[in-house]
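Model the placement of chain Z on the given structure of chain U, informed by the hints.
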Amino acid sequence: MSPPSHFDFIEARDKFTVATKNAVDTRNCKPLTTAFSHLPGNETEKKATLDQALRGVLEEQIVNQKVNVDDFLSLIYISIDGVTEGICSATTPFLLLGDVLDCLPLDQCDKIFSFVEENVSTWKSNTFYSAGKNYLLRMCNDLLRRLSKSQNTVFCGRIQLFLARLFPLSEKSGLNLQSQFNLDNITVFNKNEQDSTLGQQHTEVKEEGMDVEEGEMGDEDAPAPSSIPIDYNLYRKFWTLQDYFRNPVQCYDKFSWMTFIKYSDEALAVFKSFKLDDMQASKKKLEEMRTSSGDHVYFAKFLTSEKLMDLQLSDSNFRRHILLQYLILFQYLKGQVKFKSSSCVLNDDQSLWIEDTTKLVYQLLKEIPPDGDKFGSMVEHILNTEENWNSWKNEGCPSFVKERPAETKPIRPSRKRQAPEDFLGKGPDRKILMGNDELTRLWNLNPDNMEACKSENREFMPSLEDFFEEAIEQADPANMVEDEYKVVRNSNYGWRALRLLSRRSPHFFQPTNQQFKSLADYLENMVIKLAKELPKDIPSEEIKTGEEDDDENGDNLLKDSNDSPSIQSKAVTNSQMDEIAAKLGSQWKTLADHLEMSDKEIRVIESDSEDVDLQAKMLLVAWQDREGSQATMESLVTALNAAGFNNIADNLSET
Amino acid sequence: MGPVELLHMSVFSQSFSPCGRYLAAGNNYGEIAVFSLSAALSPDASERSQKPILNFTAHDGPVFSLLSTESHLLSAGNGEISAWSWAELIKKSTKAAWTRKPNYETSLEIPEINAMIINPKDNNLIVGGGDNNIHIMDMETGTFKSVLKGHTDYIHCLSFKEREGEILSGGEDGAVRIWDSRTNRPVHCIEVFKYEECARPQFGKWISCLATDSDWMLCGGGPSLSLWHLRSMSPTSVFPLSGCQREAVSYQDLIMSVGEGPYVSHCLHGGTVKAQIPCSPSSLNTLALNLKNTEHRVMTVGGSSHQIDVFTNFSYRALSLSF
Chain U
1 MSPPSHFDFI EARDKFTVAT KNAVDTRNCK PLTTAFSHLP GNETEKKATL
51 DQALRGVLEE QIVNQKVNVD DFLSLIYISI DGVTEGICSA TTPFLLLGDV
101 LDCLPLDQCD KIFSFVEENV STWKSNTFYS AGKNYLLRMC NDLLRRLSKS
151 QNTVFCGRIQ LFLARLFPLS EKSGLNLQSQ FNLDNITVFN KNEQDSTLGQ
201 QHTEVKEEGM DVEEGEMGDE DAPAPSSIPI DYNLYRKFWT LQDYFRNPVQ
251 CYDKFSWMTF IKYSDEALAV FKSFKLDDMQ ASKKKLEEMR TSSGDHVYFA
301 KFLTSEKLMD LQLSDSNFRR HILLQYLILF QYLKGQVKFK SSSCVLNDDQ
351 SLWIEDTTKL VYQLLKEIPP DGDKFGSMVE HILNTEENWN SWKNEGCPSF
401 VKERPAETKP IRPSRKRQAP EDFLGKGPDR KILMGNDELT RLWNLNPDNM
451 EACKSENREF MPSLEDFFEE AIEQADPANM VEDEYKVVRN SNYGWRALRL
501 LSRRSPHFFQ PTNQQFKSLA DYLENMVIKL AKELPKDIPS EEIKTGEEDD
551 DENGDNLLKD SNDSPSIQSK AVTNSQMDEI AAKLGSQWKT LADHLEMSDK
601 EIRVIESDSE DVDLQAKMLL VAWQDREGSQ ATMESLVTAL NAAGFNNIAD
651 NLSET
Chain Z
1 MGPVELLHMS VFSQSFSPCG RYLAAGNNYG EIAVFSLSAA LSPDASERSQ
51 KPILNFTAHD GPVFSLLSTE SHLLSAGNGE ISAWSWAELI KKSTKAAWTR
101 KPNYETSLEI PEINAMIINP KDNNLIVGGG DNNIHIMDME TGTFKSVLKG
151 HTDYIHCLSF KEREGEILSG GEDGAVRIWD SRTNRPVHCI EVFKYEECAR
201 PQFGKWISCL ATDSDWMLCG GGPSLSLWHL RSMSPTSVFP LSGCQREAVS
251 YQDLIMSVGE GPYVSHCLHG GTVKAQIPCS PSSLNTLALN LKNTEHRVMT
301 VGGSSHQIDV FTNFSYRALS LSF
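Protein chains in written order, with full-length UniProt numbering: chain U, 1 to 655; chain Z, 1 to 323.
The reader is advised that the hints may include incorrect statements.
[Stated by the list, open to error] Restricting the straight-line Cα-Cα distance to at most 30 Å, the calculated cross-link-like pairs of lysine-lysine (DSBU-like) are:
#, chain 1, residue 1, chain 2, residue 2
1, U, 359, Z, 274
2, Z, 121, U, 307
3, Z, 274, U, 366
[Claimed, not checked] Facing chain U, from chain Z, some residues (calculated, C-beta under 8 Å):
#, residue
4, 39
5, 43
6, 277
7, 278
8, 282
9, 296
10, 297
11, 316
12, 319
[What the hints assert, rightly or not] To give a feel for the contact side, a few chain Z residues facing chain U, derived at Cβ under 7 Å:
#, residue
13, 139
14, 271
15, 273
16, 312
17, 313
18, 315
19, 318
Simulated from the structure, these hints should not be mistaken for lab results. All C-beta atoms in this analysis are idealised placements derived from N, C-alpha and C, irrespective of residue type, glycine included.
Looking at chain U on its own, in the form it has when it is part of the complex (with noise of 0.2 Å):
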């Protein structure tokens, strides 16, 4: 970077790290605006020089060690003091943060993590949000990294909790779109004999006491081997069922599925003959208990040593955690979830054994003291409000702000209470009041509901002779219409013909002697009856060639419901989706100009996803959720030959 000649870099940095220190020693940000008006040179030359001067003043005090938390803190405080007089870079600040978190330890990034807490409002203001939203958000995942999921708990809570106050609901940055699962979580066990930590510590104590403590061999002291016997057999099956609850996507295969029932059974028969007891404890010592080791118990990561498998079978918060998995993957499994892939259904016997099973460990929930019926009904509650999530999910979460709608009208003054004669419709108008208006318009239509249904206007049902009226004129040998131009003829026509002669002709139901070979014949037969007993008025031209429009219009429908409904008109499956998303691949990006995506949702699907494969899935269903019931095969293969994917669109149309 090379400064104009009026304007010296070095200098203006150095004057600016002067003020700066001064400012800090005031806690005031005063030194700085005036330094910054006395500079020559324009706005950005000296806005970049100050954000290079607090750098370097906050670097200074890091280096210097000695300086405490407070003095970091106030630094930035003048730092968000200048952002808002409008002479540094609004990024400055978060800049400022993320080296002082990256360079401290973490008992003081703590300190200064509260401070971050406080000033929420700030970064949610105007002048923050837009540009220092991602500093927060890599700052924040910088800091997790660094914490120890198991041990720094409630560090870890407060800046989740810190993040869900910074985004709005909407922010889908923090989203598992694609439902995707945790694989890393692997629960490691002792899988095969040689590995058992018995036989291990068998070895090593023996070792132990011949090489090293010569003398104290034959002393009783040395560790006894474990000391309970162990059912290894329940153990592997036991932890073998995690992988299931890791990867649920294993049920969906035959053979992971097979085994996974048989353990499960072997489980929950273990869980349900093994009842646990909560008499021993009394009243007392469990109130002692609770308050001593408070009433939160938490599984950072199951042990699964052989030797705890006993303790962990009598231990209820355990027995719960693993009745909740299995509730959590059956919930997974039969629920609707978008991106399952199309094999993932489950067959009938596999929807029976869930349900039967899901029964059972409901039941084993509520036995599990104590206050396991509370318990039970409350993982029910969560687990049916998580199909809410599901659902919101499966719709391409939605904003949960609701769009005010266009015309707004001017909110009348509301009568305190409402008159009853009002309510009850026995107003001057008689008008009874729904609350709404259109509900109100739709309920004073009428009155009298039987009034109403009366009406001549619903009444859908045609006359006889408006009906017939065609078919006499034809059936008339003066007209010389030739049979198979009849509308009699019209399998349609005798359709309705025969529904309304059975609604309206005595004559439908008169036995008759005459026997018809066809349902033409037999029309053609009541069509010359009814003739008689109409009255001769003779219908005019037009009047026919309005029944034949009304016909043809008739034989249309019929033909496009009878016809098997064209692919194009169809809407786009997921198993399609997939297909299409693996032959685009990389070359997504082309659809997606001619979908119509902005740049923004497109930025969004780079940066959810690696894999093009998946991308170009995105793409897609985020195609689907926009357009709705309108996103067919047809303006989906329109867009693929517009985008010159024309061996997919052909393709598509083939199957």
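The following block gives chain Z in isolation, referenced to the frame of chain U:
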């Protein structure tokens, strides 16, 4: 052994070896099977390790009682008692160390032996069975020293109270008799079926299980399983178990009991049934706790099946040994 024999097999008695690593079980065919618990409980256990390591015919009639001393396994058959050295058994040799017969009044009938216990104080073996009498054998010499007479029907079960040196016996006549082992005289007689709270006339009056723990006694059979306070000679709690109980053991604050029905009942001292743990035989005769060896601390139950269920944790069946 054919499938029919397996189908009709009943396991009547069990005993753990003094080291706690082996389990001996006797069935209705007079056979004794020795299982290796350490093999069956090891991590690399297979089907084979659930089979006996040794299976031999010990007596002509059913083996109703098995007992382990410090070095020997005692088995009771029809009228005779045999001893087998555990050291020899483990080496798979099946030669009896000795066989003794109590002095029966008549030589015409051979009464079965239903129960044996050891009086560790005097190193006596106490034997009870079909001749209504209790015989006391000196383990040192192998001679029968005395006979306790009093029961009017055959004896089902025996128990020994070490502190007081008292022998308890329960029999088909419905009485629990308490004997002083020093004087060999009867001290008390409780006729359980006469107490209304535990009487169940529909099942009979016989007493088939007895267990004692300091001042407390558990007894059951035809009458309901009940916990008795021996000083006051009164039942303190009666357990609402449906079938007749064959064996009951008190362990820590639990009472485990087996009998009719395919489950082990866990009872609390207060008189409530805490749990009934399912197991494979349809009815159970014997329950044993291995407390000698902490590494193999298990509970085993056997009954009208060739399978013996092993519980590592008392609350669920871990595996089944099988004849």
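>> When the structure is checked against the list of hints, which entries are broken? Sort them ascending.
In response: Hints 2, 4, 8, 13, 14 and 15 not satisfied by this model.
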